[in-house]
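S.K.: Each chain, written out:
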Amino acid sequence: MPVPSKPRVGLFVTCLVDLMRPSVGFAAVKLLEEAGCIVDAPVQTCCGQPAYNSGDRGTTRDLAMQAIEAFQGYDYVVAPSGSCAGMIKAHYPELFEEDPNWRAKADALAAKTHELTSFLVDVLGVTKVDASFAGAVTYHDSCSGLRELGVKAQPRRLLASVEGLTLVEMKDSDVCCGFGGTFAVKYSDISGAIVEAKARNVEASQAPTLLAGDLGCLMNMAGKLSRDGSPVQVRHVAEVLAGMTDEPAIGVARNPAAK
Amino acid sequence: MTVQSTSPQFKQNATRALNDAQLQRALGNVKQGFIDKRQMAADKLPEFEALRDSARDIKNHTLEHLDLYLEAYEEKVRSSGGHVHFARDAAEAREIILSICREAGAKTVTKGKSMISEEIGINHHLEANGITPVETDLGEYIIQLRNELPSHIIAPAVHLNATQVEEDFRRVHTHLDAKRDLSEPVQLLTEARAVLRERFLAADVGITGANFLVAETGTSIIVTNEGNGDLTQILPKTHIVLASIEKLVPTLEDVSQLLRVLARSATGQELSVYTTFSTGPRRSADADGPENYHVVILDNGRSSMLGTAFEEMLRCIRCGACMNHCPVYHAVGGHAYGWVYPGPMGAVLTPSLIGVDKAGHLPNASTFCGRCESVCPVRIPLPKLMRHWREREFERHLTPATVRSGLKLWGFFAKRPALYRLATRAAMGALALAGRRHGRFAWLPMAKGWTKVRDFPAPQGETFQQRWKRERKGASA
Numbered sequence: 001m002p003v004p005s006k007p008r009v010g011l012f013v014t015c016l017v018d019l020m021r022p023s024v025g026f027a028a029v030k031l032l033e034e035a036g037c038i039v040d041a042p043v044q045t046c047c048g049q050p051a052y053n054s055g056d057r058g059t060t061r062d063l064a065m066q067a068i069e070a071f072q073g074y075d076y077v078v079a080p081s082g083s084c085a086g087m088i089k090a091h092y093p094e095l096f097e098e099d100p101n102w103r104a105k106a107d108a109l110a111a112k113t114h115e116l117t118s119f120l121v122d123v124l125g126v127t128k129v130d131a132s133f134a135g136a137v138t139y140h141d142s143c144s145g146l147r148e149l150g151v152k153a154q155p156r157r158l159l160a161s162v163e164g165l166t167l168v169e170m171k172d173s174d175v176c177c178g179f180g181g182t183f184a185v186k187y188s189d190i191s192g193a194i195v196e197a198k199a200r201n202v203e204a205s206q207a208p209t210l211l212a213g214d215l216g217c218l219m220n221m222a223g224k225l226s227r228d229g230s231p232v233q234v235r236h237v238a239e240v241l242a243g244m245t246d247e248p249a250i251g252v253a254r255n256p257a258a259k
Numbered sequence: 001m002t003v004q005s006t007s008p009q010f011k012q013n014a015t016r017a018l019n020d021a022q023l024q025r026a027l028g029n030v031k032q033g034f035i036d037k038r039q040m041a042a043d044k045l046p047e048f049e050a051l052r053d054s055a056r057d058i059k060n061h062t063l064e065h066l067d068l069y070l071e072a073y074e075e076k077v078r079s080s081g082g083h084v085h086f087a088r089d090a091a092e093a094r095e096i097i098l099s100i101c102r103e104a105g106a107k108t109v110t111k112g113k114s115m116i117s118e119e120i121g122i123n124h125h126l127e128a129n130g131i132t133p134v135e136t137d138l139g140e141y142i143i144q145l146r147n148e149l150p151s152h153i154i155a156p157a158v159h160l161n162a163t164q165v166e167e168d169f170r171r172v173h174t175h176l177d178a179k180r181d182l183s184e185p186v187q188l189l190t191e192a193r194a195v196l197r198e199r200f201l202a203a204d205v206g207i208t209g210a211n212f213l214v215a216e217t218g219t220s221i222i223v224t225n226e227g228n229g230d231l232t233q234i235l236p237k238t239h240i241v242l243a244s245i246e247k248l249v250p251t252l253e254d255v256s257q258l259l260r261v262l263a264r265s266a267t268g269q270e271l272s273v274y275t276t277f278s279t280g281p282r283r284s285a286d287a288d289g290p291e292n293y294h295v296v297i298l299d300n301g302r303s304s305m306l307g308t309a310f311e312e313m314l315r316c317i318r319c320g321a322c323m324n325h326c327p328v329y330h331a332v333g334g335h336a337y338g339w340v341y342p343g344p345m346g347a348v349l350t351p352s353l354i355g356v357d358k359a360g361h362l363p364n365a366s367t368f369c370g371r372c373e374s375v376c377p378v379r380i381p382l383p384k385l386m387r388h389w390r391e392r393e394f395e396r397h398l399t400p401a402t403v404r405s406g407l408k409l410w411g412f413f414a415k416r417p418a419l420y421r422l423a424t425r426a427a428m429g430a431l432a433l434a435g436r437r438h439g440r441f442a443w444l445p446m447a448k449g450w451t452k453v454r455d456f457p458a459p460q461g462e463t464f465q466q467r468w469k470r471e472r473k474g475a476s477a
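Chains A and B are the protein sequences, given in the same order.
Counting from 1, position 110 in the first sequence corresponds to residue 110 in UniProt numbering; the numbering is continuous, with no gaps.
Counting from 1, position 143 in the second sequence corresponds to residue 143 in UniProt numbering; the numbering is continuous, with no gaps.
Worth flagging that the hints you see were computed from the coordinates, not collected in a lab.
By construction, the Cβ of each residue, glycine as well, lies at the ideal position given by its N, Cα and C atoms.
Hints should not be assumed to be uniformly reliable.
Claimed, not checked - Reference excerpt, derived from the structure (chain A facing chain B, CB under 7 Å, subset only): (1) Pro22; (2) Arg147; (3) Gly150; (4) Phe183; (5) Arg227.
Said to hold, decoys possible - Straight line, CA to CA, 25 Å or less: simulated DSS-like cross-link-like pairs of lysine-lysine: (6) A:Lys128 to A:Lys6; (7) B:Lys37 to A:Lys186; (8) B:Lys473 to A:Lys30; (9) A:Lys152 to B:Lys44; (10) B:Lys384 to A:Lys152; (11) A:Lys152 to B:Lys408; (12) B:Lys76 to B:Lys179; (13) B:Lys384 to B:Lys358; (14) B:Lys44 to A:Lys186; (15) B:Lys384 to A:Lys186; (16) A:Lys186 to B:Lys473; (17) A:Lys30 to B:Lys469; (18) A:Lys171 to B:Lys448; (19) B:Lys37 to A:Lys105; (20) B:Lys415 to A:Lys6; (21) B:Lys358 to A:Lys186; (22) B:Lys237 to A:Lys171; (23) B:Lys415 to B:Lys358; (24) A:Lys171 to B:Lys469; (25) A:Lys30 to A:Lys6; (26) B:Lys408 to B:Lys448.
Use the sequences and the hints to build the structure in full.
M.R.: This is the structure:
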């Protein structure tokens, strides 16, 4: 399918970015607009993953139908999250196996939905961004993006074009951080042990900044690093790619004196 | 169900495992060894991914025609002079085995490694009836001495270290010199070999599992690295093969394809050290082999998985790659799962075999990271099947009440975007205000599970949708 010269992109903000860190959404908007897209963010709530992974298929289907309708008018739908994009791409069609009408709509949405960095690189052919960031970063591959959508090279490729930035790979960057949505709360001890291993690998990389493409994982890792007194700064990859790092890192207070 | 399950206490089991320093050290070996070896073996074989597709297809085909292949297999075993016994459940399997052992006048029974024998709890049953079972796989031998279940389906004693094994050997092998040196693993191995050799020679019956049963030829196949399976099945007069229905494979050609993915996925070997084919009892011209050859084929709930979403689980060839790559297994080890089968494959299979009401924690205790599926040699969609269990639980109201009510409340707002925007705007504003000083919360009343192990980052304040409306849509927030 040829890419329209000015593709109309519906931003799937994701509920976590919407509520916790809107600056990530605005960084995504900036990246998309710089790549020539016309971006809109229709009224939305959540992709339904918490219900889906809790076994509540009814609520999941309701939320999927809501999202399918909200996003039907766009050429593409882009999410700054591999997890939510994966939900739409890989799982929405499964929800409507017995409903051909909605199945067709779910398939159509799935086909045009992308995770942010893979949309920029794979669909739009973006090879570099206009941003600078001083210092070393390490990158965590969030599971859904990595294994459901094949997001691995794309963020690294874009990060390589950021002026002043060096990417230092940590050990086991492709191993789960222990977030897992409600898992983090339901099985907090196990989640804590998994994120403990991740935090030690982050620190061993000696990069002062940790990046990833999913806010859930980022909040988990940032929360663990700050609990352990680590100075590592944690950000969504979109913030760095858009050159929008003036906001404090995740879990860091705004310094009133700097305002 | 025979082996007592502690799956309902999964959380307590997990917490104990996390606080067990020795276990945590032992689990480090799983993380490092298996993963790298599998990757190297896979990388060396260009057709590895195609072989996985082929392995999946072979198993799917077999499961679609399982009745036919079971009949064909039975016919072949009978025509080669062996006996086939079908056991509907664990109790039937135990009785069949006991009666064969009694008929053979057995005092000692040697055993090759068999997860099905763990599933039916045959050792305790034989002991209770005056017959001594002796595990001959080194790992199984060690856990038998400790009266434990395997903590891993191919490395049953992976949760232990050499010092613990030394203590067990000194405790049990009292006929040996108390001052002997057992400080090196090779000394433990040598001692086990010497002790087991006597047992092999004394055994009246040998029980092995089967990695595959071949319908075309009536052959059972075991893969081992220690050769103990061969001594178990060749030396005694009676050989009992104990296998579950899904071990069937149509042809030797199919087996050769499955063998190519099995060892590579399990240990990173191209092939296990021993791959042993046995077809019927010893024939007159054979140099060795058992006089009596029995195959006990166990169902134990598996046939009811056929034709359901869980049929895919019956493709499993028990390589252990899923648990080797599982962050939850790495964190808590196999015993925490509380029954015979641990890790992701156990999280799907155990609820089928002992009931989701007992094993409900297992399919929930997953981050759905998907690494298990990404390495499964027969491409079982393990996270999807775990999710199916969660759906069954939700339908049956087995999901904890707090989770249900939380979901209901969240769902109420998430389905009403306008209300959601208002509510989240207020909530995030308040939360940001409360967290503005530190930028994070060390404790939150509604999120104790979260804040027990990590801080909760404070939100920025304004929601995205609020700011978008203000900046882009020209409306006031």
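S.K.: Enumerate the violated hints, using their earlier numbering and listing them in ascending order.
M.R.: Numbers 3, 7, 11, 12, 14, 16, 18, 19, 20, 22, 23 and 24, in rising order.
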